[in-house]
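My request is simple: use the sequences and hints to build the entire structure.
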Amino acid sequence: MDVRRVKFSVIAIILQIIFIILFGVLGEYGDSAKAKSPSPAYDVASMYPYFQDVHVMIFVGFGFLMTFLKRYGFSAVSVNLLLAAFVIQWAYIVRGIIHSVAHGHAKFPVHLGEMLSADFASATVLISFGAVLGKTSPLQLLIMALIEVVLSQINEYIGLDKLGAVDVGESMYIHAFGAYFGLAVARVLRNDQHDEAKSEGSVYHSDVFSMIGTIFLWIFWPSFNGGAASGDEQHRALINTYLSLAACTVITFAFSQLVDNRGKFNMVHIQNATLAGGVALGTSANMPLQPWAAMAIGCLAGIISVIGYQYITPFLDSKLKIHDTCGVNNLHGMPGILAGIVGAAFAAMASSDTWGESVYEIFPLMVPADNSTELMDVMKEYPMITEAGIGRSSTTQGGYQMLALVLTLVVSIVGGALTGLILRLPCFDNVHGNRMFDDREFFIVEGQGFPENEDGGFDDDANHTKVPMLSQNS
Amino acid sequence: MDVRRVKFSVIAIILQIIFIILFGVLGEYGDSAKAKSPSPAYDVASMYPYFQDVHVMIFVGFGFLMTFLKRYGFSAVSVNLLLAAFVIQWAYIVRGIIHSVAHGHAKFPVHLGEMLSADFASATVLISFGAVLGKTSPLQLLIMALIEVVLSQINEYIGLDKLGAVDVGESMYIHAFGAYFGLAVARVLRNDQHDEAKSEGSVYHSDVFSMIGTIFLWIFWPSFNGGAASGDEQHRALINTYLSLAACTVITFAFSQLVDNRGKFNMVHIQNATLAGGVALGTSANMPLQPWAAMAIGCLAGIISVIGYQYITPFLDSKLKIHDTCGVNNLHGMPGILAGIVGAAFAAMASSDTWGESVYEIFPLMVPADNSTELMDVMKEYPMITEAGIGRSSTTQGGYQMLALVLTLVVSIVGGALTGLILRLPCFDNVHGNRMFDDREFFIVEGQGFPENEDGGFDDDANHTKVPMLSQNS
Amino acid sequence: MDVRRVKFSVIAIILQIIFIILFGVLGEYGDSAKAKSPSPAYDVASMYPYFQDVHVMIFVGFGFLMTFLKRYGFSAVSVNLLLAAFVIQWAYIVRGIIHSVAHGHAKFPVHLGEMLSADFASATVLISFGAVLGKTSPLQLLIMALIEVVLSQINEYIGLDKLGAVDVGESMYIHAFGAYFGLAVARVLRNDQHDEAKSEGSVYHSDVFSMIGTIFLWIFWPSFNGGAASGDEQHRALINTYLSLAACTVITFAFSQLVDNRGKFNMVHIQNATLAGGVALGTSANMPLQPWAAMAIGCLAGIISVIGYQYITPFLDSKLKIHDTCGVNNLHGMPGILAGIVGAAFAAMASSDTWGESVYEIFPLMVPADNSTELMDVMKEYPMITEAGIGRSSTTQGGYQMLALVLTLVVSIVGGALTGLILRLPCFDNVHGNRMFDDREFFIVEGQGFPENEDGGFDDDANHTKVPMLSQNS
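Residue numbers (the working numbering), protein chains in the order written: chain S, 73 to 546; chain H, 73 to 546; chain W, 73 to 546.
Accuracy of the hints is not assured; some may be wrong.
[To be verified] Residues from chain W that face chain H, not an exhaustive set, calculated with beta carbons under 8 Å:
hint	residue
1	ASP279
2	ILE291
3	ALA319
4	GLN329
5	CYS371
6	LEU372
7	TRP427
8	THR468
Honestly, the hints are just simulated from the structure, not real lab data. The beta carbon of each residue, even a glycine, is placed where N, CA and C say it ideally should be.
This is the structure we're talking about:
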C-alpha cells in the first residue's frame, strides 16, 4: 500500500463526509422541489435544457479537450470528472453560505438554479486544472479546488453584488479567474526537474479525442452564455455567441496557417482558439451589440488566441517559467480579459436612447433614482447597495465593470500564488520530473497501446514492466 | 456464404416484417400525434428534452461504455445499436399488448411517452448484453431480447400495476432485472472452452473510448430518473440524482485507490462505479429524501460497486462460474437491489406529517379510503386493484416495495436461466473459446490497428490473414 | 511560407470581413431578440432544444462520421468545423437577401429560427464535402461552399415558395441536393493521378471514432425532421423518424451480412446505412403515414443504402469515374430521392376524408378556394403564388412535389459540374495523387501514431520525417 494514495483516499473520504454533514445541517430543497410544492415547476422545464448543455460542456467538453496528451488520457478525463463532482458539492455549500446563511437564513436552497451555478463554479477549477495538467497530484488538486472555490465565489460575490458589475457568461468571474489562478499555481509549483519531463505531447488519435471536447464546447457555448439569462437577453446571448464562434473559427483557421512557416493548420489552435469567440462574448453576450459586432469580437478573440498559442505560451514558459499545459491563457485568460473590456466599453456606451428599457434590465443599477417602483425592485435585488449607489451613469457602470475585472485579476493571481505555496508542502505529493504527464503515476495502466518510446525512465518498475508496447510481438 | 449468418439475416428480416405487421394491425398514433389533433402538444415540448437525454444514454452511453474491450469495439457499439433498435420496436408492441390490447382496446397508442418507455425497456436488454458481451452471437442476442422484453415487461406490469410498487427511475424493474437476467444467461451459457479465450482486456485508447459512454451516462442520469416524473417530484429526482452521482464519484476514486496495493486508480472502477449513485437512487429519487441522504446513498453505492469489481466479480467467475464481462452485477445488480431496499425503507417511513400531500402523489395507494375524490382517481389509475387495496399504511407500502424487488429477482434469474438453456441450442450459434471477445468472428476487420499479439489462434484464416498488425512494416 | 496557404488565409480573412460588413449593413436582431422586445420569447424555449440537437448533428455527427479514414481524421473533423462555421454565416446572408432584402425589406432578421435554417444549410455543404473528402484543398472547399449555398438556397426557395412543394426534413432540398452536387464536383475534379492515392481506408480505431458520428446522427435525426414543424405535425415527425430509423437499423444489419460472402457485418454499412431511414422520411415525416408505413419506408431505405455501398459505389467509381469517398449517394442521394417520391406519393393520396384538416396544414396550397379566411392566410404565406394557384387537388400537389425533386436533381448536378470546373482552376490548389486522403498535406502531424506503411511516397520531406511510426523504437 502506497502511503501517498491512502492520504488522498482518507482526505477525500473525510471531505465527502463533511460535505454530507454540511448539506444535512444547512441544505434544504428549494421551493419548487419541496414536497407538494405550491409553486409550479415551470422554471425547471425552461432551465433544464440549458443546464444539461452546460453539464455536457463541463464533463465531456473540458474532460475530452484535455485528452490531447499522449500519455495522460486517463487522468485528463477521469480527474476532470473527479474534480467537477467534488466542486459541484463544495460550490453548493460555499455559495449557500455566502448567499443565504451569511444573510441570516438558517438553510440554503437546493434547486436546479443552484445546480447550474455549481456547474459554472466547477468550470473555474477545471480551467485552472488545464494550467497544471500533468504536473499535480490528485491530492494537490483537491486542495486547490477547496481554496479556489472559496476565493472565486467571494470574488464573484463582490463583483456582482457589491460592485454591480454584470457578467452574464461569467468570462471575468470564471474564465479569467480560473486561468490566472491556475497560471499562478503553475508558476509557484514549477521546480528544477521540470525540464526532465519527457511525456508531454500528443499522438495522432489523442488529438482526435481532444476534438470531442472542442466540438461539444463549441456547440453548447451559446447555452453557457445564455443559460442564466431570460427573455430577449437570453435570445441575444444565443445569437451573439453563435455568430461570434462561427467568425472566430474561420479566422482561427486562417491565422493558424499564417503563423506556420509551412502554412499548415495546427491542431492545438483548432482545438482551442476556435472557442475563444465564446469566452470573449461572455460579459456582453446579452447586450444589444448587433450581430456584426459579435462577429468582429469573435474574430479578434481568435487572432489573440492563435498568437497566444504560437508566441506567448513559449515565451511564458521559457522567460517567465510559467508552463501552461493547455494554454489556458490563450483560451480563457486573454479572451476573458477581452470580454471584460468589451463589457465595460458597451456599459459605458449604454443608453436608454438606443437600448430602450433593456439598459435597466441589463444594468439594474442604472435605473434612474426617480423611478420609485423599479428602484424598490433593484434595492431588493442588491441589498448590499444603498439608494445612493443607484442611478449610475453609463460611464460609472463602465468603471465598475473595469474595477471588477481588475479585482478578479488581483484576487486570482495573488490567491493562486498563495495556493501554490501551500501545494508545495511535501505532504501534498508534488509530481516531479519524468513522472509528469504520465498516467502510470496515478493510474493502473496494464493494457497494450500505451505510447512508449526511448525516453523510458519512468521508475515505477512494478508497473512499468506491465506496459508493453502496442507491437510487443513484432 | 456462411450459413450461420444467413440464419441471422433471415430471422432478423422475418422479425422485422412481423413487427411492421403488428404495428399495422395494432398500432395507431396517440392522441396528440393524430392528424389535426385536438389536444395541445405541450406534453411533447416538456418531455422531449428528457427523452433525448435518455436516448443519448441508451445509444452513446451504453454503446461506448462497452467499447473498453480491445478487440470488441465494433461489436460493442454496433450490436448495442442493433439490439436497442430491435427492442425499441418489440417493447412498443409488447407494452401495447399488455397495457392496451389486453384491456380491450383495439389499438395501442404510438406517442412520445411510449418512445421514452421503449427506450427504458431497451436499457434492460442492454444491461444483460453487458453480462454476456463477447460471448454471444448476434442471433442469440436477438432471441434473448425477444424473451427478455416479454418477461421484463410482465414483471414491471405486475410490480407497478398489481402490487403498486413505485420505481420512478426503474432501478428494480430495469437495472436489477437486466443484471440478474444477464448473469443467469451468462452462467448457463458458460462452457468448457471459456478459459481458452485470449482476447479479453483493454488497450489504452479503448479505455478512453469507454469513458465517452461513462460521461454521457453520468451527465444524463438525472433525466433517466426524472424523465417519467413531473412537477416537484421531477425536480427532486433531478437534484437527488445529481448530488448522489457527485458524492458517489468522489468516493469511487477514494476506494479505487484504497483497494489497489499500489494505491493507483483503476479505470474499470471509474468507468462504472461512478455511475452506481444513479442506479441506487432510481426507486426513491422523487421522494423528499433531503439532499444529504441522496449523497449518503450515492457514497454507499460507490463503495459497494468498487468492492464488487475488485472482489466479487473475480469470486463469481472463479467459484460460481459466472463470468460478468462488464461487471453488471456491480453497476446495475447490487446498486439496483440497494435502490429497491432504499425505496422500501422510505416508503415504510412515509407520512403525510412530514411529506404533506406528496405522500399520496408518490404512493397513490396510500390515499385514505375516506377521501372519495382522490379515491376515484386512484381507482382509475390502478384498475387492477380493488377498493379494499387502497388506503395502505406506510408499512404495507414498504412491504409491497420489497415484494416487487423479490419478485423481480426471482423472475429475472429464473427467466434468464431458462433463456440461457434455449440459447445453448446449437442452432443459435454459441461462440466458443478463442473466438470470444473478438470482432473478427462477426465483423469484417481488414484495416490496420487491430490489437494483435502472440495468442494468435483465431482460426478464421480467410479473414485473419487480412488483419495485419499496426506496425506491419516494422 | 507556403504560398498556397497564404492564399487560403487571405481569402478566408477577406470573406470573413465581407460577412461582417454584410451583417452590419443588412442584418438586425429579429423581433424577440430586440432590446426590450415586446414579444415573448416562448418560441426560443420551445425551439432551442431542437436547434441544439441539430447543432450536435452538424458538428459532432457529420464531423466524426467522416473520421473513418485512417490518415484523415484531423481534416475530417476540423474542416467540417471550418466549413460549417463558414456556411452558417454565408447562409444567413444569402437567405436574408432571398427572403427579406429581395422583397423590399431593408434588413434581414437574425434570430433562433434562422440559426436553425443556417445549420440546415450547412448540412447541404457538409454532404457534398463527404463526396470529395480527401481530394480537395480547404480553399477549394470554401469556394465550393460559396457557390453551393447560393444555388441550394435558390433551389429551395423555388421549390418551397414558388412550387409549394413541402419538405419538412429537407430530404430533397438538402440531402439529395448536397449529394448530387458533391458527386458532380467529384466527377469533374477527378484526374489521372487518382489511382495513385494510397492512403484511403480505415484503421480499427478510426472506425470506432466514426461511430461517434453515426450514433449522434441516429439519436437526433427525429429533431432534424421535426425541428421546423410544430404541434401534431412535429409529434408525428418525431415518431415516424424514430420508428423508421429503428427498422432501418435492423434491416441494415441483416443485409450487411447477406451481401458479404463470409457473412460478416461491414462497418461501412453500419456507420451509414443505419441512418438512411432518417433521410427517406425527410419529406413525409410530418404526414399521418401511420407508424407501420414509416417502418416499411425505413426498411426500404436500409436495403437501398446497403446495396448502394456494396455494389453501386464500386460501379460508379470504376465505370463512371465518380469516386464517392463517404458514399453520399447511398446515404443522402438515393434515400433523398426515395424521400421525394414518398412525399409526392402521399401528397397524391392526401385527402381531407382521411387526414382531416391536417391536409391543409401540411399542404397549404390545397386549401379550397372557397374558404376565404384560410385563403387569406395562405396567400400571405405564399406571396409568390396567385389565387388561381390555390385549391390544388392532391394529384396536382403530388406533381409539384415531383417537379421540385427533378428540379433539385438538375440544379444540383449542373451546378456541381460547373462548380467543379471552377475548382479545377490551378489557382485553387487541387490535391493530386498520393497527397490525397492524407492529413500531412494541410495539417501539422508531428506526433506518434500516424498510420504508416510501405506506400511511403508522401513527398513533403520536411514534414514526413517528423512522422515516425507508432512503434518507432521496436
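Hint check results:
Satisfaction of the interface hint for W/ASP279 is found here, the shortest Cβ-Cβ separation to chain H being roughly 7 Å, below the 8 Å cut-off. The beta carbon of W/ILE291 comes within 5 Å of a beta carbon in chain H, closer than 8 Å, and the hint placing it at the interface holds. Because the beta carbon of W/ALA319 sits about 6 Å from the nearest beta carbon in chain H, less than 8 Å, this interface hint is met. About 4 Å separates the beta-carbon of W/GLN329 from the nearest beta-carbon of chain H, less than 8 Å, and the hint is met.
Look at W/CYS371: its Cβ gets to within about 6 Å of chain H, closer than 8 Å, so that hint holds up. Checking W/LEU372 against chain H: minimum C-beta separation of about 11 Å lies over 8 Å; hint violated. Taking 8 Å as the C-beta cut-off, the interface hint given for W/TRP427 holds, the closest approach to chain H being about 5 Å. Below 8 Å, beta-carbon pairs count as interface contacts, and W/THR468 has none with chain H, the closest being about 21 Å; its hint is therefore violated.
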